Amino acid sequence: MTKARPFSVAITLATLLLPALAAAQAKDVVVGNISAMTGPTSGTHMMCQSGSRDYLNYLNETQGGIAGKSGKVKTRYLAYDSQYVATKAKDGFARLLDQGMVLWTQCASAHSDALISDYETAKVPLVTGSQGIASLFSDWAYGNYHSGIANMIRTWMLWQKAEWEKAGKPGGTLVLGTITTDEPFVPLALWEIDTFAKEQGIKLVKETFPKGTTDAAPQLLRLKDAGVRAIYVVASASGAVVALKSAKALNLNIPMTQCAAATLGDVIALGGPELAEGYQGEYFYEPMSKDPAKGGSAGLQLARDLWARNHPKETPNDMYVNGVLSGMVIAEGIRLALETTPPDKLTGEAIKKGLDQVKGFEGQGLTRPITYVKDDHIGSKQVRYWVVKKGFVEPVSDWMATTTYRIPKK
Amino acid sequence: MLVISGMMNGAIYGLVALGFVLVYKASAVLNFAQGYMLLFGAYLFWFFRVTVGLPLVLAMIAAVAAGFAGGALIERLTLRRLIGQPLISMVTVTIFLSLVLEGLVSMIWGTYPLQHVAAFPESTIRLGKMVLTTQSLIAFGLALLAAGALIVFFRFTRIGLAMRGVAEGHQIMQSMGISVRRILNVSWGLAGVAATVGGILLGSTLGFQLGMSHIGLLAIPAAFIGGLESPEGAILGGLLIGLIESIVSGYVGNAAGVPAAFVVLILTMLVRPYGFFGLERIERV
Amino acid sequence: MSRIPFYPPSGVYSDSYRKDMRIVKTGKQRLMAIAGLVFLAALPFIPGLNAPYHLRLLIGIGIAVIVALGLNILTGYCGQLNVGQSAFMMVGAFTSGMLNAYWGWPFWASVIPGGLAAAGVGVIFGIPSVRLKGLYLALTTLGAQIILTWIALYGVTVTSAGFTVEPVRLGGIVFNTPQKFYYVALAFTLGMALAAKNLMRSRLGRAFIAIRDNDRAAEGMGIDIFKYKLLAFAICTFYAGIGGALLVHYMMWAQLESFTLQDSVWYVAMIIVGGLGSIEGTIFGVIFITVLKELVLVVGPMAQETLSFLPIGAASGMMLVFIGSVAILFGVLEPRGMAHRWSLIKSFYRLWPFGY
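Chains as they are written, first to last, in the numbering used here: chain A, 8 to 417; chain B, 20 to 304; chain C, 2 to 357.
What the hints contain is simulated information worked out from the structure, not anything from laboratory work.
Since we're looking at a predicted model, the values are computed, not measured.
Note that the Cβ used here is the ideal one computed from N, Cα and C, for glycine as well.
Wrong hints could be hidden among the right ones.
[What the hints assert, rightly or not] So these bits of chain C aren't anywhere near chain B, every CB distance computed over 12 Å:
#, residue
1, K29
2, F46
3, I329
[As the list claims (entries may be wrong)] Result set (SDA-like, lysine to any residue): computed pairs, CA atoms no more than 25 Å apart in a straight line:
#, chain 1, residue 1, chain 2, residue 2
4, C, K134, B, G188
5, A, K130, C, T178
6, A, K231, B, I266
7, A, K320, B, L75
8, C, K228, B, L286
9, C, K347, B, Q104
10, A, K397, B, F139
11, A, K231, C, Y155
12, A, K320, C, V13
13, C, K228, B, V282
14, A, K320, C, M303
15, A, K397, B, L75
16, A, K81, C, L308
17, A, K130, C, I174
18, C, K134, B, L236
19, A, K130, C, F176
20, A, K130, C, G49
21, C, K134, B, L106
22, A, K34, C, L308
23, A, K320, B, L106
24, A, K255, B, I157
Just chain A, same shape as in the assembly (with noise of 0.2 Å):
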């Protein structure tokens, strides 16, 4: 029984010697990941940091890194696991920090938040693929794309509404419906909802279903009969197929569109192609779950060969764009912060400067143009439509400005 011992005090040991041995290596740009790997949203954050590292590393591989008027440099690329709390996320800040990070990415709303504080007195930028609200308060948080979480349903709102107007306003008042699950997020997402369905002259009906229940039923029912012309689902992927399916079994008829929390492939992966059918979601990105066949921009072919390259095995999803899209900006931003900048002079402030540089970047046709101006690091601010026909999407909208509503401080 004595073994016992001898093996935690060798478990201890191990943990104390560990950040002492990586911060071993010195001279590359270390950039950081913190997001969930373990646990149920680290399939997602998982994509999304493969994205990054993918693409980064392929920089390293081809081009020996990253260029630019007054050197190269490689980047590194270190993660932490912060099980999508807090508390572990800000440990992992202090650890990457001792590690020599100077530029962090993530994938979890909540993080940018709780580390608003980290990371601005640590002069580390950040960049993001996600919709959290911090990055609107933050001079060191660069967004590639939306003004916020709230902003998911406003957006669609205004779209059913010109959609709506286009086919001459059938029963007088639009009526819209969302469906949503208890997952952390939703309030942030709904965030004084009524007041700008008021403002727009649209009735919104809300429902919610827990997490984890197989049913939906109830909830759909009471949106039909308050006469919804359309349904916003603001669920991860499993709520999603959840209300799908009920939707299914209740013959409901009535479009439905997903926000940004998971990505139509992920429904098409969760629930089948047949399911997802007709199913409309929302990417600022060109997604993976195009039909390969009809082609794509540079910058989707190179995501697309370097998932091949990377993870042969696996079936592709559309988070994993979104990481590469984060680690093009990163790049970008480095880019721009050695034109003026020596390698060995690389710190968060440096980069921050390149950051704020970037114009007109497109991530080779990934996205709209991301501009980062004083007091605006908001990113394109344009979102498309699309649908899943055939197991594919297709798009359904036009690019189309997002609404930039701001969820007070406190």
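Chain A is fixed; fit chains B and C onto it per the hints.
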């Protein structure tokens, strides 16, 4: 309609709750890993169906058999060594077991959801104004079938009776010439089977992904309200919980169903501390 | 729980109960205790150990120790299972955080109300313990977790979104870095641990133990079971509330995600691994589990790069399997918890080389 959809959902709760009851009956342990056993069972089915490419029925049989073996193996490797130790340390072991199972799943299949597999025909049946999916009907039928089989098993078979005895006390049964080890082994195996069946059903509804294990928590009240010792109680408890959730969600909204189910439960337990079908224990000082 | 008696060196006698119950019995023990305190106090200045990451881990351990101590008083001493501890922590966290963020109360004024609010809620959920026992009682506390989380998510708008909280201040010092907050956490942890140790060797602690061992018999001895059970719930959740209040002022951010059912289950695991009904055991258990969990968070991502041929996420999965197996192995080898091993080691040291 609310009633029907709640019952269908409740049937799956009931199946998962059965797993809790099976383990509790034999070893008086609340198995925190039940949800993860379900996850593992579901992925096993996916493996036999997609990777091996077996026909549907064969894949199910293989998965269920593997689920039994898996459950029995878990007992053999971990809980077997804890016979006679405080019960609470067995409970902890099940907590850690859930880590191992989640880890195994992500090690073998990765963390990203697997490709969809339709285990059951995805057609709908209309009964007047109501619409039912074949899937939920099958789930419903399976849950009832499983409960019925277990009731018969516990009442009328030698090993089933021995299991009930083992729950009363390991030493007494041991001295009566019944192998506690074998009984525990079989009951964990059966819990594995219940988990696998639940996993297949849930996987074909929710998709195959790590979040599936969450149902393990949602089903706990079902196991309690029926009484932890009673298979029929588990199924009825599942249906009841499903019903409460669906009706409260339907009329109150805001996902109030789950907390409401708990409020009802706590109040119920104050009146009937051992659930509706549990064994009342008379304590002596 | 069987106890290994303490064997004092010859020449040290306890001629009264008071002496027998002392925490520090010999001069050597006093010396070691002082040395330990000095080491802990000097830690932020010891190179190699004072990286912010290490200190953050230690602060995390400190807060978890406070929360787990409360749980051990309820579960280990009084025998009432609680699988909703992190929800009570949340009550304390949000109470203290909102008092601070919306009414401007400083940490020192809001930490006790945080603890009291948690205790109040805890007592309400403790009422069913009059009739419920064992695993059935676990259901009530599980219900507390679900219901309280639901209230935080839908009942109160601020708690659903999360909000910023001011750091701890004392005089002119702002405890906003790990180096500084470390001392706040250290002071609270030591104070709360000492309080727990003392409470548990008083009449109260003995009443709890009597209830745990056999509540009918305890009642026969004139202990008001209902009152003491509720008291145990109050103490347990008070500790949770204090831990929660510390956490939000340390993070300077209050959010729902830090208080999940998973966390509650982990607290139970910590006290069982450490040793039920043991204050030292609680500390060991927290350290053991925290270090194991940290291994997943650190080594998993590091292995991911080298194991890229495996499916995405497989490396972290491997770490889960590893720590899960280590913990199971530990549970199998040491079912009575680390505190049991600790007392075996102490008596071995004391009696060596004639340990018979």
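Next item on the list: Would you check the hint for K134/C and L236/B, treating anything up to 25 Å between C-alpha atoms as holding?
Entry: Given pair K134/C, L236/B holds - Cα atoms ~20 Å apart, limit 25 Å.
Note to self: Between the alpha carbons of K397/A and F139/B, is the straight-line distance 25 Å or under?
What the structure shows: Holds. K397/A to F139/B sits at ~20 Å (cutoff 25 Å).
Next item on the list: Take a quick look at whether K228/C and V282/B sit within 25 Å of each other, Cα to Cα.
Entry: 23 Å, holds
Check: Given the hinted pair K320/A and L75/B, is their alpha-carbon gap at most 25 Å?
Finding: Measuring from Cα to Cα gives roughly 23 Å; hence the hint holds.
Check: Is K320/A close enough to V13/C, meaning Cα to Cα at most 25 Å?
Finding: Violated. K320/A to V13/C sits at ~70 Å, over the 25 Å cutoff.
Margin query: Holds or violated: K130/A and F176/C, Cα atoms, limit 25 Å.
Written below: 20 Å, holds
Note to self: Check whether the Cα positions of K134/C and L106/B lie no farther apart than 25 Å.
What the structure shows: 14 Å, holds
Notebook entry, point to check: Quick one, are K231/A and I266/B close enough, alpha carbons at most 25 Å?
Noted result: Holds, at about 17 Å.
Check: Just checking, F46/C versus chain B, shortest CB gap more than 12 Å?
Finding: At about 36 Å from chain B, F46/C clears the 12 Å cut-off, so the statement holds.
Notebook entry, point to check: Would the pair K320/A and L106/B pass a check requiring their Cα atoms to be no farther apart than 25 Å?
Noted result: 44 Å, violated
Next item on the list: Against chain B, does I329/C hold up as non-interface, every C-beta pair farther apart than 12 Å?
Entry: Label violated. Min Cβ-Cβ 5 Å, cutoff 12 Å.
Check: Is K134/C within 25 Å of G188/B, Cα to Cα?
Finding: 18 Å, holds
Of the numbered hints given earlier, the model fails hints 3, 12, 23; all others are met.
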